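*Asks:* Residues per chain are reported as follows:
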Amino acid sequence: MIRGAGRHVTSAALAVLFLLPLLWTLHSSLTGRQAGDSGTGNYRRLADYGSGLGTYLLNTTVVALVAVGVTVVTTTLGGYAMARVAFPGRNLLFLVTLAILMVPYTTILVPLYLLLGWLGLQNSLLGLGLVLAVLQLPFGLFMMRNSFEALPIELEEAALIDGCSVGGALWRVLLRGVLPGIVTIALFSFLAAWNEFVAPLIFLTDGEKFTLPVALFNLQSGSLGSVDFGALQAGVVVSALPCVAVFLVLQRYYVRGFTSGALKG
Amino acid sequence: MVSVVSSRVAAPDTPAPDPRRRGSIARGRRRLGIAYATPMAVLVAVFFVVPLGLMLWMSVNHWPLVGASAPNGVENFAALSDPLFLRAVGFTLKYTAVTTVVLGLVAFGLALLVQHDRPGSGFVRTVFFLPSAVGLASTSLLFYGLFTTDSSALNQVLGFLGLGRVDWLGSGGSALGSTVAMITWRFAGFYMLILMTGLQSIDPELYEAARIDGANRRQILWRVTLPLLRPTLALAMVLSLTGSLLAFDQFFILTGGRHDTATVVIDIYREAFLSQDLGRAAAVSVATLAVLIVLNFAQLRLIRREGR
Numbered sequence: 001m002i003r004g005a006g007r008h009v010t011s012a013a014l015a016v017l018f019l020l021p022l023l024w025t026l027h028s029s030l031t032g033r034q035a036g037d038s039g040t041g042n043y044r045r046l047a048d049y050g051s052g053l054g055t056y057l058l059n060t061t062v063v064a065l066v067a068v069g070v071t072v073v074t075t076t077l078g079g080y081a082m083a084r085v086a087f088p089g090r091n092l093l094f095l096v097t098l099a100i101l102m103v104p105y106t107t108i109l110v111p112l113y114l115l116l117g118w119l120g121l122q123n124s125l126l127g128l129g130l131v132l133a134v135l136q137l138p139f140g141l142f143m144m145r146n147s148f149e150a151l152p153i154e155l156e157e158a159a160l161i162d163g164c165s166v167g168g169a170l171w172r173v174l175l176r177g178v179l180p181g182i183v184t185i186a187l188f189s190f191l192a193a194w195n196e197f198v199a200p201l202i203f204l205t206d207g208e209k210f211t212l213p214v215a216l217f218n219l220q221s222g223s224l225g226s227v228d229f230g231a232l233q234a235g236v237v238v239s240a241l242p243c244v245a246v247f248l249v250l251q252r253y254y255v256r257g258f259t260s261g262a263l264k265g
Numbered sequence: 001m002v003s004v005v006s007s008r009v010a011a012p013d014t015p016a017p018d019p020r021r022r023g024s025i026a027r028g029r030r031r032l033g034i035a036y037a038t039p040m041a042v043l044v045a046v047f048f049v050v051p052l053g054l055m056l057w058m059s060v061n062h063w064p065l066v067g068a069s070a071p072n073g074v075e076n077f078a079a080l081s082d083p084l085f086l087r088a089v090g091f092t093l094k095y096t097a098v099t100t101v102v103l104g105l106v107a108f109g110l111a112l113l114v115q116h117d118r119p120g121s122g123f124v125r126t127v128f129f130l131p132s133a134v135g136l137a138s139t140s141l142l143f144y145g146l147f148t149t150d151s152s153a154l155n156q157v158l159g160f161l162g163l164g165r166v167d168w169l170g171s172g173g174s175a176l177g178s179t180v181a182m183i184t185w186r187f188a189g190f191y192m193l194i195l196m197t198g199l200q201s202i203d204p205e206l207y208e209a210a211r212i213d214g215a216n217r218r219q220i221l222w223r224v225t226l227p228l229l230r231p232t233l234a235l236a237m238v239l240s241l242t243g244s245l246l247a248f249d250q251f252f253i254l255t256g257g258r259h260d261t262a263t264v265v266i267d268i269y270r271e272a273f274l275s276q277d278l279g280r281a282a283a284v285s286v287a288t289l290a291v292l293i294v295l296n297f298a299q300l301r302l303i304r305r306e307g308r
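Chains as they are written, first to last, in the numbering used here: chain A, 1 to 265; chain B, 1 to 308.
Derived from the structure by calculation, the hints contain no laboratory data. All values derive from a computational prediction rather than experimental measurement. Warning: the hint list may mix true and false statements.
Stated by the list, open to error - Per label pair, the in silico range of CB-to-CB distance:
1) B:R211 to A:A150: 33 to 39 Å
2) A:V9 to B:V49: 50 to 56 Å
3) A:R176 to B:G23: 27 to 33 Å
Claimed, not checked - Computed footprint of chain B on chain A; a stretch qualifies when at least three of its residues, placed anywhere within it, have a C-beta under 8 Å from a C-beta of chain B:
4) 20–30
5) 74–86
6) 122–133
7) 192–198
8) 205–219
9) 226–234
The beta-carbon is built from N, C-alpha and C at its ideal position, and this holds for glycine as well.
Throw the hints in and build the complete structure from the sequences for me.
*Replies:* Written out as structure tokens, the structure reads:
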């Protein structure tokens with residue numbers, strides 16, 4: 001049991017310990033290979049690596065945007081239906097969607113690989129984005145169903161009385177109420193898609209299509225013999241920076257999102 | 001996530017505003033519900049239900065990466081007695097046990113340290129959680145540099161102490177220890193937050209009552225905090241167990257999936273894309289999935305009993 005000042009000292013020491021790896025990677029990304037190198041050499045070599053850093057950043061962004069867009073739209077509509085409308089097959093759909101949590105996707109990667117081939121989506125950023133969106137559906141559906149259930153039904157009724165259609169009420173009135181849920185889902189699926197490693201490693205075969213984690217892995221496995229550690233740490237900084245920034249800006253939503261998602265009920 | 005399964009779907013028998021419109025609104029709503037749920041249902045069917053069925057079918061077929069497939073019964077399941085697979089199972093179990101214990105203890109310690117709102121505790125929480133925002137692949141690449149380069153802070157500290165370099169990833173044992181340290185850094189803040197919400201949901205009056213009854217801090221921890229935290233602890237354990245049993249990124253990147261650090265998922269990857277035998281990979285996947293589902297159900301029952 002640690003009390004008083006001891007608690008502060010322990011907290012501060014641990015905080016430094018947690019920050020050290022991040023500070024080290026930032027520092028070594030800015031350190032030249034020889035004395036006298038300017039600090040940007042690692043980033044310049046990273047920018048020229050393979051198909052170019054810009055290509056990998058663009059690919060990763062496309063995949064993340066597809067995943068976020070598909071997840072948000074389908075779970076918002078689906079969550080509304082789950083919360084407010086009795087339609088045949090509703091419970092079955094809910095249970096099957098939640099079963100995605102029980103079946104880790106790494107065990108179905110091989111059949112997914114074949115399936116994407118049959119759909120003409122192999123080696124495609126769109127196909128990868130769709131697969132990554134599906135992984136976010138259980139959390140998203142759960143979140144949106146709860147968000148819609150938390151809104152008073154009178155809100156929707158008032159809109160209906162005022163002449164809105166059911167669809168119009170959803171679009172004009174309810175969407176504002178579930179916005180925190182939507183932000184949380186967008187954030188979760190963005191981070192998950194941006195950082196995904198196994199799925200793009202398997203689904204993307206063309207170097208031009210690689211996402212950042214896969215490109216960096218190739219940089220590390222060093223096709224040219226020795227590993228360029230400086231460029232590698234620069235790559236870690238580039239891939240981590242958007243996630244850290246997004247997290248710091250939206251951490252309130254993030255924290256609330258996964259605690260309510262994990263512990264509700 | 002766990003209690004989701006047990007929570008009832010609320011019946012949305014909404015009274016329509018005007019009785020004369022009730023019938024048409026109810027019908028309109030049902031049609032709308034089906035339309036709204038359709039995109040999700042299609043995604044779930046195409047990218048989850050179909051591959052799941054396909055995996056079962058593949059597991060009983062000879063299915064090379066290139067070329068025609070043919071039924072071959074349970075032959076693929078011979079992959080389960082492969083010495084390399086058994087070794088991967090053993091390593092995965094060892095890794096899972098060590099990670100779950102170490103990560104659990106560290107996360108619980110952090111949660112106790114910062115659970116109360118004091119000056120600075122918000123900042124410290126954010127710092128502990130920050131590594132969770134960094135992707136696992138990026139984390140592995142970061143630590144790969146930390147573990148293997150002479151100029152890494154880790155090796156410089158060792159040099160400063162006159163200890164010389166340690167081969168952090170050299171043997172299976174040292175790679176396991178190094179990986180657990182890295183995973184603890186990456187996930188401790190995440191589990192800390194889960195445990196913290198559990199701690200904060202405990203009624204302060206219970207602590208007060210225990211103190212009045214003369215309990216000391218240690219007794220309060222063992223007799224009040226831990227029993228009431230059991231559902232939350234169990235949830236964190238489920239997440240940690242499932243995550244570690246399916247470990248891939250960390251070992252694939254840190255050691256290249258070397259045989260002495262190969263996990264079950266790395267074995268599946270090898271069967272599929274290096275041996276190009278998709279049937280055997282599917283058989284191993286089916287077996288892994290079966291074990292995980294049994295485990296999940298056992299844990300769910302445990303949590304529900306404890307939760308009451």
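*Asks:* Hints first: check each against the structure and report whether it holds.
*Replies:* Tested hints:
Checked against the hint of 33 to 39 Å, the C-beta distance between B:R211 and A:A150 comes to roughly 36 Å, which is consistent with it. Distance hint for A:V9 and B:V49: a CB-CB separation of about 54 Å, consistent with the stated range 50 to 56 Å. Hint check: A:R176 to B:G23, Cβ distance near 30 Å, so the stated range 27 to 33 Å holds. For the stretch 20–30 of chain A, the assignment as covered by chain B holds, since 6 residues bring a beta-carbon within under 8 Å of that chain's beta-carbons and 3 suffice.
Given as covered by chain B, the stretch 74–86 of chain A passes the check, having 11 residues with a CB less than 8 Å from a CB of that chain where 3 are the minimum. Interface restraint, the stretch 122–133 of chain A with chain B: holds (3 residues with C-beta to C-beta distance below 8 Å; minimum three). Coverage of the stretch 192–198 of chain A by chain B holds in this model, with 5 residues showing a Cβ closer than 8 Å to a Cβ of that chain against a need of three. For the stretch 205–219 of chain A, the assignment as covered by chain B holds, since 3 residues bring a beta-carbon within under 8 Å of that chain's beta-carbons and 3 suffice.
Judged by the Cβ-Cβ criterion of 8 Å, the stretch 226–234 of chain A is covered by chain B as claimed, because 3 of its residues qualify and three suffice.
This entry satisfies every hint, going by the numbered hints stated previously.
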